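Engineer: Please build the complete structure, drawing on both the sequences and the hints.
Protein chains in written order, with the numbering used here: chain A, 47 to 336; chain B, 42 to 376; chain C, 890 to 1172.
Think of the hints as simulated: they come from the structure by calculation, not from any bench.
This one's a predicted model, so the numbers in the text were calculated from it and none came from an experiment.
Please note: incorrect hints may appear among the correct ones.
[To be verified] Result set (DSS-like, lysine-lysine): computed pairs, CA atoms no more than 30 angstroms apart in a straight line: (1) K1164/C x K898/C; (2) K51/A x K238/A; (3) K238/A x K263/A; (4) K51/A x K263/A; (5) K101/B x K898/C; (6) K1164/C x K101/B.
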Amino acid sequence: MSFLKIRNLSVVLRGTRHRLLRDVSLDVAATEVMGLVGESGAGKSMIGKAVLGILPRSAQVVSGTIEMDGVDLLSMDPRRRRALIGRQAALIPQDPLTALNPSRRIRPQITDRLVDILGWDRARANTRAEEILHEVHIAAPERVLGSYPHELSGGMRQRILIASAFAAEPRLIVADEPTTALDVTVQKQILKLIHEMQAQHGTALLFVTHDLGVVAKICQRLTVLYGGLVVEEADVRAFFRAPVHAYSRALLAATPRHSDPDADLTPVPEAVIAAVQDQVLAADRSWTHA
Amino acid sequence: MFLRRFLTRIATTLVTLFGVAVIVFVVIRVVPGDPIAMMLPPGATDADIARLQALYGLDKSIPQQFVIWLGGVLHGDFGTSITTRQPVLGLVLSRLPATLELSIMALVIAVVLGGLMALTGTRLRDTRTEGAIDVANGMALSVPDFLWGLVLILMFGVLWPVFSISGRVSPALVPQFHTDFFLFESVLRLRFDLWLDLVGHMLMPAVALAIPLAAIIGQLLKQSLKETMHLDYVTLARTKGYGENHVITHEALRNAILPTLTLIGVQFTFLIGGTVIIERLFSYEGLGNMAIDAVINRDLPLIQGIVLLFALLFTLVNLCVDLLYAVLNPRLRHA
Amino acid sequence: MLDGRSLVKRTAGLRLWLSVAWLSLLVIGAVFAPLVAPQDPLMQDLFTARLPPFWMHGAEPGYWLGTDSLGRDVLSRILYGGRVALIVALLAGSATAIIGATLGLIAGFYRGWVDMVISRLVDIWMAFPPVLFSILLIAVLGTGLGSVILAIIVIDWTRFARVVRAEAMAQGAMDYVASAQVAGRGRFSTVLTEILPNVLPTITVLLTLEMGIAVIVEAILSFVNLSISTDDPTWGGMIAEGRVSIHQAWWVLVFPLIALFLTVLSFSQLGEGLKDRFDPVLQ
Ligand SMILES: Nc1ncnc2c1ncn2[C@@H]1O[C@H](COP(=O)(O)OP(=O)(O)OP(=O)(O)O)[C@@H](O)[C@H]1O
Ligand SMILES: [Mg+2]
Chain A
47 MSFLKIRNLS
57 VVLRGTRHRL
67 LRDVSLDVAA
77 TEVMGLVGES
87 GAGKSMIGKA
97 VLGILPRSAQ
107 VVSGTIEMDG
117 VDLLSMDPRR
127 RRALIGRQAA
137 LIPQDPLTAL
147 NPSRRIRPQI
157 TDRLVDILGW
167 DRARANTRAE
177 EILHEVHIAA
187 PERVLGSYPH
197 ELSGGMRQRI
207 LIASAFAAEP
217 RLIVADEPTT
227 ALDVTVQKQI
237 LKLIHEMQAQ
247 HGTALLFVTH
257 DLGVVAKICQ
267 RLTVLYGGLV
277 VEEADVRAFF
287 RAPVHAYSRA
297 LLAATPRHSD
307 PDADLTPVPE
317 AVIAAVQDQV
327 LAADRSWTHA
Chain B
42 MFLRRFLTRI
52 ATTLVTLFGV
62 AVIVFVVIRV
72 VPGDPIAMML
82 PPGATDADIA
92 RLQALYGLDK
102 SIPQQFVIWL
112 GGVLHGDFGT
122 SITTRQPVLG
132 LVLSRLPATL
142 ELSIMALVIA
152 VVLGGLMALT
162 GTRLRDTRTE
172 GAIDVANGMA
182 LSVPDFLWGL
192 VLILMFGVLW
202 PVFSISGRVS
212 PALVPQFHTD
222 FFLFESVLRL
232 RFDLWLDLVG
242 HMLMPAVALA
252 IPLAAIIGQL
262 LKQSLKETMH
272 LDYVTLARTK
282 GYGENHVITH
292 EALRNAILPT
302 LTLIGVQFTF
312 LIGGTVIIER
322 LFSYEGLGNM
332 AIDAVINRDL
342 PLIQGIVLLF
352 ALLFTLVNLC
362 VDLLYAVLNP
372 RLRHA
Chain C
890 MLDGRSLVKR
900 TAGLRLWLSV
910 AWLSLLVIGA
920 VFAPLVAPQD
930 PLMQDLFTAR
940 LPPFWMHGAE
950 PGYWLGTDSL
960 GRDVLSRILY
970 GGRVALIVAL
980 LAGSATAIIG
990 ATLGLIAGFY
1000 RGWVDMVISR
1010 LVDIWMAFPP
1020 VLFSILLIAV
1030 LGTGLGSVIL
1040 AIIVIDWTRF
1050 ARVVRAEAMA
1060 QGAMDYVASA
1070 QVAGRGRFST
1080 VLTEILPNVL
1090 PTITVLLTLE
1100 MGIAVIVEAI
1110 LSFVNLSIST
1120 DDPTWGGMIA
1130 EGRVSIHQAW
1140 WVLVFPLIAL
1150 FLTVLSFSQL
1160 GEGLKDRFDP
1170 VLQ
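Structural biologist: Below, the structure written as structure tokens:
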């Protein structure tokens, strides 16, 4: 059974009928890594935000369901929903430089959820914080825990955010382009770390990225989005052997291959874009929601 | 780096204080009315006048007088009040606590009121309530403390007379304390009857002083809170399971406070300056009230002392805010 | 849904017009005071002392807003007091603006030691409690309208100097000023033709706000009995009298207070309104 189950989720720009997500359905099984790809503005982050209950005020869910471990989030009382999400899921954010509170030390930023939401006692939370920092290969956890974010490097901060996400042993982690803000040299290490942690903890992972190469490395399945519409959903191996949708094929052709980095890249052809846009329009025509 | 900045600050502060001293000294020496003549009975002779002038050093040239006065000041001697014939320093120090207590009470009220406005406005952002708060803040800002004082006198002194609108303490309760910090000492001595009486007297002038500052704090703090609410670490905290209230108070507030703090420093000096007329309005026996009497009586040494003390207070407040800023901002603390 | 922004925005125009309306009313009342005032503002008559306003029991026709403890008509005194307030607002406001802005322009454009001196003076001025400073100045200068205006100028020039200096510095750094200088124009003519027009909106806003401040300062000074001669009606003087007899005749305090309150509020709303209009970002 899938841990996360999204059905026909539509999100509009508040006060308009303009859809940012168009009848999205998506499943992530427990311990599975699901890649979410698509060009900029496709709605990848929007899905992640909807799952974690952090949609911007300007976005509004108008239909569909999001089930986490069999519980429908959208019909829940907001307070209980927040607590549930806090226990079951976590976010690895994109930019480590802005995702840590500059005026709080690292320790409380890792332990606050453990104490306030999971109800652990402080000593246990502190031990856990040290333990989890070890796991992400931070050599001097004591020192790091007592630091302020500005005293640490970007790579270090991203390690901390990863540790913080895993600290409460969530069942699902949403990682929204967790490496794009980092140095190229650090990117690889961080990616490896996330992969490693996911495997060790058996956490389901919803991994948002532009990069099909990354998907090939760490995901088991992937979903391709265009204009808020799910274009294709497939097993990663099958996908890279033979993508079904023309847009997916074009996207793949536009991605550099590690086996052959110097091969010519073809941008997504106009005709393919036109076709997928027609598909989006068709979806909107058949959308009868008031 | 930090130390150097701090030393430069102290140096400019000293220059400012010296400038204040010079200007007050010069301005006062131009006073046309002769204070000496006013002190003497009508039939006084020229010799009497000359003797008194010599006594107060008024027979020397202005630069000479300044040097003598400055020398005295550096030894803690601010001269003698012409009207009461008591040392200026003692007089001024006996009134300072009243003014300090009033100013600090006003500051606390302003911070609490302004903070509540900002928090409420942020919590209910983009609603009618936020709009109402903005309009109220705008009003409170455009009307100075003097007028708020009068409005309060009408409302709580006349229409619904629950607070005292004149004096510092009920005559029957005037305490014999070690210090003149009555409010503070009454708590230490567990004299809660006196404490309540003092607060009852102080509340209206303090609120009058606080209203404009509360509006400024409310406006600026709300603005920076709202900006902070969009930042990634706030969003991250939401995913941890925290609600709106917790996120505002635990994640956003600390970071939003810093810009407000610098502003409070400058505005607090304006508030202290405002005590002069507010104390007059509420017949509150503080430094400001004494200052106006001193001007009316042309009590030169006393005026000098008071103005200098005010200037010292202002510059000290600014210095404290700078320090506080450095302490609260982890980036500066470790730099 | 009506959100917070729109409530502020929607009422902005209304508040601006109400301010303009009140100030116009005040100007008309002050200019034509001899014609519209029902009584001689100075005439004392103990038989008509402490008459209440018209709707209350014991009121007398012709004394619409009642009389003070000397039997002088409150409405007439408010109208004549408005003259003093407006004259001070206009003269003190514009003189302060001219002097402060000139010093600010000079400091901001010429920099160097001139700027040093002016900036240091501003710092020193900031360390003075303004109310005490103004009272002190009046004590030195003697009471009278001229002294009040002079005191306001001496105290408040820094408001203009600080802001205009900063703006002139920002403007001076811009390309068009540099090119004007390269084109061989004199420095002073550059200041006048290139910088001044750009800081003029700011000066206008500050001036409007300053007029409100001047009205308050005058009221405060006459409240402590240090403004113009004690016989002439001023709002501050009336308020001081009203404060004393507040429990016997509240109207002596309330009506001048309302006039003062509305005037100060109107000037500041007008200033805020102008600021929004001049600021292209807020449009
Ligand atoms: N705060 C917001 N308010 C309104 N619309 C938004 C907001 N954030 C994003 N959108 C819109 O929602 C759509 C999907 O945005 P989303 O951020 O999910 O894209 P994305 O696939 O994550 O793109 P990227 O790769 O650039 O991160 C876009 O059309 C975007 O303009
Ligand atoms: Mg995104």
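Engineer: Would you mind confirming whether the straight-line C-alpha gap from K1164/C to K898/C stays at or under 30 angstroms?
Structural biologist: Answer holds: K1164/C to K898/C is near 14 angstroms, not above 30 angstroms.
Engineer: Within a Cα-Cα threshold of 30 angstroms, do K51/A and K238/A meet the stated pairing?
Structural biologist: 27 angstroms, holds
Engineer: Hint check: K1164/C vs K101/B, CA-CA at most 30 angstroms. Holds or violated?
Structural biologist: Violated, at about 52 angstroms.
Engineer: Holds or violated: are the alpha carbons of K51/A and K263/A at most 30 angstroms from each other?
Structural biologist: At roughly 24 angstroms apart (the allowed maximum being 30 angstroms), K263/A and K51/A satisfy the hint.
Engineer: Would you check the hint for K101/B and K898/C, treating anything up to 30 angstroms between C-alpha atoms as holding?
Structural biologist: 63 angstroms, violated
Engineer: Quick one, are K238/A and K263/A close enough, alpha carbons at most 30 angstroms?
Structural biologist: 10 angstroms, holds
Hints 5, 6 from the list above are not met by this structure, while the remaining hints are.
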